[in-house]
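Novice: Just so you know, the sequences run in chain order C and Y. Quick note: the first sequence uses my numbering, first residue 16, plus one each step. Quick note: the second sequence uses my numbering, first residue -12, plus one each step.
If you're looking for bench data, these hints aren't it; they were derived computationally from the structure. Incorrect hints may have been included.
Heads up, incomplete: computed chain Y residues facing chain C, CB under 7 Å, no partners named [claimed, not checked]:
#1 ARG45
#2 GLN69
#3 GLY355
#4 VAL357
Computed far set for chain C versus chain Y, every beta-carbon distance over 10 Å [claimed, not checked]:
#5 ALA106
#6 TYR158
#7 ASP169
#8 SER194
#9 VAL497
#10 LYS567
#11 GLY682
#12 ASP693
#13 SER716
#14 GLY759
#15 ASP801
#16 THR870
Everything numeric in this text was worked out from a predicted model, so none of it was measured. All C-beta atoms, glycine included, are put in the ideal place defined by N, C-alpha and C.
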Amino acid sequence: MMRAWFAILLAGSVPVAAASQADRSASSTAPVGDLAEGLPGAELLAKQSACIACHAAEGVAAERLAFRIAPDLIDIAERRAPGWVAQFLTADDSPHPQVLWGDAATRSREAFSLAMYLSGGVEPKPDGIEVGPGMGAAGERLYNELGCFACHEDDFSGRDLIAGWSIAQLGEALEDPTSHATLVGRMPDMHLEKDEALALAAWLLRDQAANSQSVSVPGLKYSYYEEEIFSPQGVNWDELTPVETGSSQSVTHNLGRRKEAYGIVFESTLTVPEGGEYRFWTNSDDGSELFINGDRIVENLGTHPMRRIESDPIQLAPGPHDLRITFFEQGGGEGLQAGWSGPDFDFREFESAELTYVSSVPMRVDRTFPDPNDAMRESGRALYDQRNCASCHEAGVSMPRSVPTLAQLRAELSGCLSDAPSDRAVDYGFNVEQRELLVDLLRNRAELDHERSAQDSIYVHMNQNQCMTCHARDGVGEPSSVTFTRFVGADDLGEEGRVPPSLHDIGAKLTESALEDSIANGLEYRPSVKARMPAFSNVDKDLSWQLAKWTKSVDALAQPASAPEFSADAAKVGHQLSGTQGGLACIACHGAGGQLSVGVQGPSLSDMAERLEYDWYRRWMANPPAMRPGTRMLNVFGSGRSPIVDLYGGDPEQQIDAIWQYLSLAGSMPLPAGLVTDRSSYELVPVERPVYFGTFYRDASARVMAVGFPERVSVAFDMHNVRLHEVWRGDFMNAKGTWDGRAGQLEGAGGADVLAMPDGPAVAVVGADGIWPEGGKATMQMVGHDRDRLGHPTFRYSLRASGIEVAESLQPVLAAGGAGLVRSFVLRAPKPVPHAMVRVHDGEKVVEIPVKWATGSDGSVEFVVEVEMKW
Amino acid sequence: MVMVATLLGAVALFSAAQEPSESDFYEVIDIEIPDNVVLEVGGLEQVGPETLLACTRRGEVWRIDDFRSSKPEFSLWADGLQEPLGLLSQKGWIYCVTRGELMRMRDSDDDGSADEFRTIADGWDISGNYHEYNFGPRVDLQGNLWLTTNKPFGGEPFGRVEWRGWAMKVTPEGEMIPFAGGLRSPAGVEVSPWGEPFYTDNQGEWCGASKLSHIEEGDFHGHPHGIGSAKLPGSRVEHPGDVPNGIMMPLAKDEVRGFKLPAVWFPYDKMGRSPSGMAWDTSGGFFGPFDGQLFVGDQYSAELMRGSLEEVEGHWQGACYPFRHGLGTGLIRVRQLEGGEMLVGGSDRGWAALGAKPWALQRLRWTGKVPFEVLEMKAAPGGFVLHFTETIDPDTLDNVELKMSSYTYELHAAYGSKEFETENLNVGPLQSLPLDSKAYFLPVKGLRSGYVHELHIDGVRSINGEALLHKQVYYTLIHLAEAPE
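One chain only, chain Y, in its complex shape (with noise of 0.2 Å):
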């Protein structure tokens, strides 16, 4: 896989002053991990320098040292943990979602392995299902922990049980509050860097698109299975009766008490089909120029997915961009490490993935070449502000290539949703901007709230004479950006 990866690096370089290749810009780097570790990641945290903890699906938990050698040490920190799919380092102790209880441990005795197992919340139950997954946590500025309770699929030899698919505040005293409810597959959970959590979704039933949303008080993200635990104490949503099988996304909105429309929908096979852990870049421009932007790992595609966020009316909304692709498994956890490489690991047991391994533990690592790419697209009234990393070439800017449609999803009970009202829009030309050399104007007819914007360019190049590195960008429009009064 080295070499193969070291070949295709070499042909890219070849062809870069043509056709960019996400490798000239992002450099993958295989952790090594022993023949006789089944490295099915789960949790990932950097816990040290050069150490790393990494859980795994099998409950094991592994303190990875020397981990940017090419001889990582690998000892086992911690067994029999239940499927953990998250884990946090804070004061001392290692905290962790299992699928019966949030919980952390520590090493008391630092001879190696943990021996301290404390439960801090289990006021969910599990059914017996395999989909019955937990992930989290992660902490807020106030010190809560958030989690989110999968759903079960399938069959649940202990019987419906409560509160599932929930996304779950435990206060820094342990008490559980049940904080947002109708979720379906919600792999990914993180608290961006001013303090507002979010997570991801998986498509399915009542989810008719992969997405990335905002957690808040009393919402109601669509999925009925376990919204009859809104009514028992604890709730803080309000049970959202019975939810219409067929209704477009943007109208559920009005129809459906409490629905929550996401921030990001990343529509399928063109963006992943099931996004997972996420990982805000704060490194301050170690990992290139995307500081500040949200990086969400696809357990199908093997990819690392780009987004930015912005605040409109009131509602996190963005756009998703692609990133970085030929990762070595299908990604479930994504972090940031010290210095700002992004650190990626995961599996394709259980689920197909276009990785090539059936378990990785990858570095992402900027090679302090700046690829040119709508660095963010960002709503405003009549259209959208196009930043890019680069100015464009002006000479170049008339042969601009642009295309948009727009579409939106159904909530229903059916698996997926194909994409409904789809509409080409007429677009440009861009307008360049007097205040930012490399932001444009990019003006559009009939922008529709609650739809995806699709957007295709290409033509352009760079002052350095590159071409777009990506050539889409799918903009989650759910309120219109107002003009100024």
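Next up, chain C with everything else stripped away, as it sits in the complex (with noise of 0.2 Å):
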């Protein structure tokens, strides 16, 4: 379709369909497809064909008709050979076919001239990189389930294009396309990690494993063992079968698949910068040795904690020697480290460059090419002239006079556009649908001169950046049927978990920031669909900011409705109706604060009041269907009142409101009742009831009790100081520091907005001097503390002196923006203890509060305070 056309044009192109020669006419005869009538489409396409190239506009109509520069060649020669440069512009799926004119030999003859002018006939230095086994089972796996196929629908099959890369240059360049200039403002960032883009790589490129060559490549070779004991005075590896083998990068224990019982022996090729005396180490969690041309350097063996050993110094010559270091992990805790130091060093971790091993490893099949000569080269520059490359490939280049002006050009189907377009005319293959739709904008050229209307700027921008091959909207596109089936997510979610979503109303749905973020950073909300956003920032900056600006203009309701005024209580009812326990347990289907629904994954509750306009949100509550015909969503209140009707009495709108309100509180909110969350990890979740957790604590003591609350606001209470240390709000702590190993970690606030409390107790004698005392356990002491229905504490403490005994709770209070606390003291004595202060931290100040005792029936006398700490 319109897709697989655009994919011959020369500018804003991407490398998709063989569209040869024969492809080319056969198109000539086929509709235009979807390609909008009138003005839109004829821009597009004369934006996406560079007539502006050549054809100079000005003022209004050349922001509108401006194309992306093609790459730049100023430095081709490192990155490809010239073999392929020629091979590139003379393919049967050239982009170029348009460059080269004449009869094949003609043709080859002025590619290959072009190339040498370009490249200067040097050769790229060869980049093998080792491709592990199931590399390319990963790659393809990738390439289906991050979506790749929607732009490069033919998956490069049978084609020329790509194959003049090698297998690291093509991962360097998909991890960061900005790395690379033929990537760099065309490709947007699949935010792929290292590992992913180099298995998409390999599997691009499989064809080159028939041409694997034994090269030396940095790192080590390992085999990794997994046995019920190893023997601790020395394993014999010999008589054990690897579980499997490969390479690393550095000396670790981390390739191990289980945290217990295994064992991995390293071999590589050490080279020796200069003769003189080295000394070797490791550093290991259990056993470990290290060997050097075969001979016992380092013998660490037995279990143990880390246990760093240092060897003799030894007499190495320069040059190449065998390294091979064994390691075992018994149990308990684990790790690997080794190194050496030398006449020039200290010692340090081997580094990756200085450690070699030989493997067989897939490399670029060269294109033969003529030897660099001055002839040849001069009549590529010559080509590269008269062909007008620069206009394209370098920015700001004017064309000579002779070439029409937009404006000097005819409405006809002449030049470019006739039937065989000859002399300096280029044959772009346009078929005539096409061509009467560049006469069209001809015609209407005085149109060009206006700002283009939002709708019409949709439409361009959205195809442009090729929008529309992953999302469908009314007017502007949609994906292919292959594409549409192609896309693999959660099937039980239906098309809602499989397809990226569509665009129909989006700037009634999205908020501003929301369709920015998404554009420009490739923010994703839907956990199931397998299909990545990419991020378009690298491509066009401005971008984001103007399809958002765009869509809100043209999907905006006249009068939508605002969101209700925060209230607390109303958030409350909405957290009872998103969880399990008495509601409508959204957290089937939705997950919250990080943690996984417990059933299929729909967007997070978290993110929906960021990303979402309220008046939208509204809409699709009431009656999901009616929005999105098939959808998964269950229609609640469909029937015009709640399942849940002791609730506002069922109202639907209502508890609509109320469950806005409680996604308000956003990354704040508490999470609803029934969320399961990962007891295996140390990340501390409260989800129902507030999660207790003593531990040694940073600036404080070592024996602090920390209370998150599933508000997500947090305590830190000191037991040996007798204390409250410190408040805080979001994440409440993760435990590792305390859990993982032998552990003894001190830990701190997990989240963020940490209030710390004055210095010294909250309850004090001040004594004639007014200085407050330092309290803690010398003149404190813990009592011990309760916990209520809802596991909210009352820590119970007494002053020894005084005789005073201190009830101190603390209380959540959800509020917009985050939570805060309530912290109410009771005191007791048995008589009036004067000069008796309470000293606390509202959130903005601290607040000393004198104590006025009131006397009981029995004497003994008592005062109650409260605090609100709003921070």
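Build the complex: two chains, separate frames, hints provided.
Specialist: Laid out in structure tokens, this is it:
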């Protein structure tokens, strides 16, 4: 369809279709497809064809028809062998058919000349990289999961376009498209991890496996073993069979697939820079050994915690030496490091460049190419000028006067638009409809001097950036039926769990910032959809805010309903409604706070309010199938009454608003009841009740009780110094430092907005000098604590000298922007204690409250005070 | 794992006529732990006929209902305790020692989780070092609670603190009495059925070999780290002065003020490496023939070891015996259940263990078959008396193979001690005794006080034709038995 046709075009296209000459002749009779009628379609075509690269335009017209500069060719020699540059120009699937003229022999000669000129006949260095087992399969899986096929529909099959790349080079370019001149400004950032990018490259260039060569590559080979018991005093590795072999860039225990009972043997060639004395070391838990040229230099066997052993100095000649390191982890903690010191450097770990091993590596197949010669280079330079290559490949190059400007072009089927373009005209292979569309454009060119409408801009930009290969939008485009069926995801969520969302009313649905974030940074909200939204900021930095602005203006309702004022009570009802305890169990399909839902994975509740327009949300919740037929979203309010009848009498509107209030807590929302957290992880996540955690605590003491509330507010009570140490919002705490291995690390607040309490105890008897006492264990006694029905704490302690007994309670309070805390004190003493004070932080300032004792019937005295902390 | 155990069992039965196997006599039953529970067992207590409480190194207390069923029910009873390593149920409260305090807690509104947490004693401090564990509490016949404090090992971010490496007695009124010092890593504390507190210690610096020791007022157990606290008010220990670095244990008794020799040494790698929790068998025979004896877990070797004690010259001493290997993980706690089964649990976190699991909770059940074992080795004038679980077949008595060596350890700052002054002793032959058909006198030449006497015995069969299940006994002879006058 449309895209297949665009792909043969010069600028702004992606390498997709194998549009051979034969294909193009076929396409000349094909319908235009869904290319828009009138100006927008013609504009898009003119932009894609880079018409104004040759036919200069001015003012608004120049902006409207602006094209993307083609790759900079200045350093092409570093990235592409000249034989491949020539191949690129002459290949059946070349996007450059219009550059070369004449019969096959002439075209070939021209291609070689251009390549000679551009690359100077210099071959780039071969850069082989090892392809591990399974990498190709992983690449193929990624290609399909990430949705690469949406833009590259034919999977590059049978084509030469990328064959001139090396796997390492393609991997690097995919990982960071801005790092490679061919992709910069054209390929959006797919957020690929290094291993993902390499796997994709290995699969796309899998034909190079036939051209594998033995080369020395950086790193170490390793064999990985799993046994019940490793003899602590030395393992006979030859008797064991490795579970897996592979290569690593460093000496590490991290290759272990389990925590206990595994072993690794590393082998590599160590390059000694100069003759002299060297010392070697290993640091391991449990045992390790290090051999040089077969001699054991370091013996660090046995089962033990991390233990470092350094060798005596040994004399080594410059050059390669065999290195072998053995390691086993029997149980408990684990770790492995190794390295050396030499005449010119202190003890450090090995660097990957010092270690090499021989591996069979797929290499690029070289194309034959003539030896460099000046005549050929000169004729290439002349061709580069004559064919105006610079007008597309170099920014700001103006055309010779002899080429008509846009204003000078005649609105008729001549020049590039003629049946058989000749002389300086370029044959783009346009079909009849396309040629007539462009003639129309010329005829109406006066309109190009006015700003384009938002509606048309959406059409042009979404198509130019291939948005429509994944997303559908009325009047703009939609994915092809082939693409549509190839998307993968959670089948039990139907199309919503598999296909990138449609953008029909996206401006009414998403907030402007969510739209911008999505386009610029590739932010995604649908965990089940495997296709990955790329980040377009590196392609066009203005695209995100422009598209956001245009879609908002086109899609917005005239008078959208505005969100209700925040109410903590309504938010509490919303919290209940979203959970399983007397609620609608939203968490069956929606996660929250980084935790997965208990069933299929829909968008997270925590992102909703920042992402959705309230008015859209309200209409959606009231009747989802009415807005998106076939949706899996439950239509709980469809009957006009909520199934939860004891909240607001089952009134849908009020319940929908209450849920919105709850959603508006966003990152600080208490998690809904019923959410199941991963208890084997170290992240402490309060869901239905507070989580208590006793730990060593940074800047406090080794005896701290931290309490995380489901309202996503937390406190740390220092039981050694008998005082509330600090409070914070957001994540509670990660217990890794206290629960992993022998642990014993100091922990601290896991979230943000940390509010430190004033120094010293909260309750004190202040002497005549007015100095607040230090408090702590020497003068105060921890009595314990209670947990109420909701699990909220009351800490109990006493002041030894005065006999004052304190009960200090902490209760979370929901608030817009994050929960606060109410801290209340009940003080009791056998008789009135003069000069007793309570000192607290209310979130803004430190407050000192004099104690006013009230006498009870038994003669004992009491004082009660409550402080709300908002910060 | 269950399947493996079954297979091993089957193999063992098949060859039982020749070589008996531990599993013929003591069956190990896994208590299934749900996937979402990290049960790094620190403490165990039975609180109902079918209900356990287990506290974990992560600070949680789990209630386990129907623990004998194939699907026990786990529910979180409390959380946030700081590395609790023991539980005790008493008078409606659950007592526990955390890093910072001896405390008790209860579920006052009976809603299934604890709501009232009360400090009983917190007279020691923590420097913020991972090794500062506390163990206990156990209760004696007067209602005193006993606990032990570990010494730090590595960095101390909050500075040096007092009372590390001590055995504490806490009176029913909550007064903490620093009762004995010089402990190293006292991972198990227990009160004997006759009311005396004992503890196990792990070999390392100033503790040449792992040991079981009797806690008596004023004892110094050898490690100088925390003994400075002896000068503080409340200490019942007189400061021993400078401890000589490198002195044989039997001599240290005379050279170092208050120095206490152990009741039992556990020779390294012969009897585990890291003794931990322990329990006396008080079931009256429901756990087999070892009624009244001691069972000690090992955190490295995932085995349960056996011990017997006798008082000689006012000092508790005795022997240790291999008992049951191949448990799920490194053992931390051992408790006897009502009905006689032994409950064991632990974790290999931080220290390598031979068990296959990161954490485990298991029951050991006597199968009803009596193993042919040295039931007890006791000191006697000129040798030892060996009590067997069965009478020896008289036809095999002449075939007995006997070997004995003795050795001791050095008190020094370096980590662990090798065996010193080893001698092979002239032993045997076994002599029948008139009053007990299962007891034999073992004459030994060259007994030495303050030395482990390691016995290897083989070649005999029981009257039923069975070979000895275990062939080693390690007797820590602190005092020689005198002939009655």
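Novice: Against each hint, give a clear statement of whether it holds in the structure.
Specialist: Evaluated hints:
Residue-level restraint check for ARG45 of chain Y holds (minimum Cβ-Cβ distance to chain C is 6 Å; threshold 7 Å). Because the beta carbon of GLN69 of chain Y sits about 3 Å from the nearest beta carbon in chain C, less than 7 Å, this interface hint is met. Here the hint on GLY355 of chain Y is broken, as its CB sits about 31 Å from the closest CB of chain C, past 7 Å. Checking VAL357 of chain Y against chain C: minimum C-beta separation of about 31 Å lies over 7 Å; hint violated.
With a least beta-carbon separation of about 55 Å from chain Y, ALA106 of chain C lies farther than 10 Å from that chain, consistent with its non-interface assignment. A cut-off of 10 Å between C-beta atoms confirms that TYR158 of chain C is not in contact with chain Y; the least separation is 34 Å. Every CB of chain Y is more than 10 Å from the CB of ASP169 of chain C (nearest about 45 Å), matching its label as outside the interface. Every CB of chain Y is more than 10 Å from the CB of SER194 of chain C (nearest about 43 Å), matching its label as outside the interface.
The beta carbon of VAL497 of chain C sits about 42 Å from the closest Cβ of chain Y, which is more than 10 Å, so the claim that it is off the interface holds. With a least beta-carbon separation of about 45 Å from chain Y, LYS567 of chain C lies farther than 10 Å from that chain, consistent with its non-interface assignment. Look at GLY682 of chain C: its CB is around 24 Å from the nearest CB on chain Y, clear of 10 Å, so calling it non-interface holds up. ASP693 of chain C, annotated as away from the interface, has a beta carbon of chain Y within 10 Å; the closest lies near 8 Å.
Residue placement check: SER716 of chain C does not keep its beta carbon more than 10 Å from all beta carbons of chain Y (closest about 6 Å). Its beta-carbon lying about 2 Å from the closest one in chain Y, GLY759 of chain C breaks the requirement of being farther than 10 Å from that chain. For ASP801 of chain C, the non-interface assignment is contradicted: its Cβ lies about 6 Å from the closest Cβ of chain Y, within the 10 Å cut-off. With a least beta-carbon separation of about 28 Å from chain Y, THR870 of chain C lies farther than 10 Å from that chain, consistent with its non-interface assignment.
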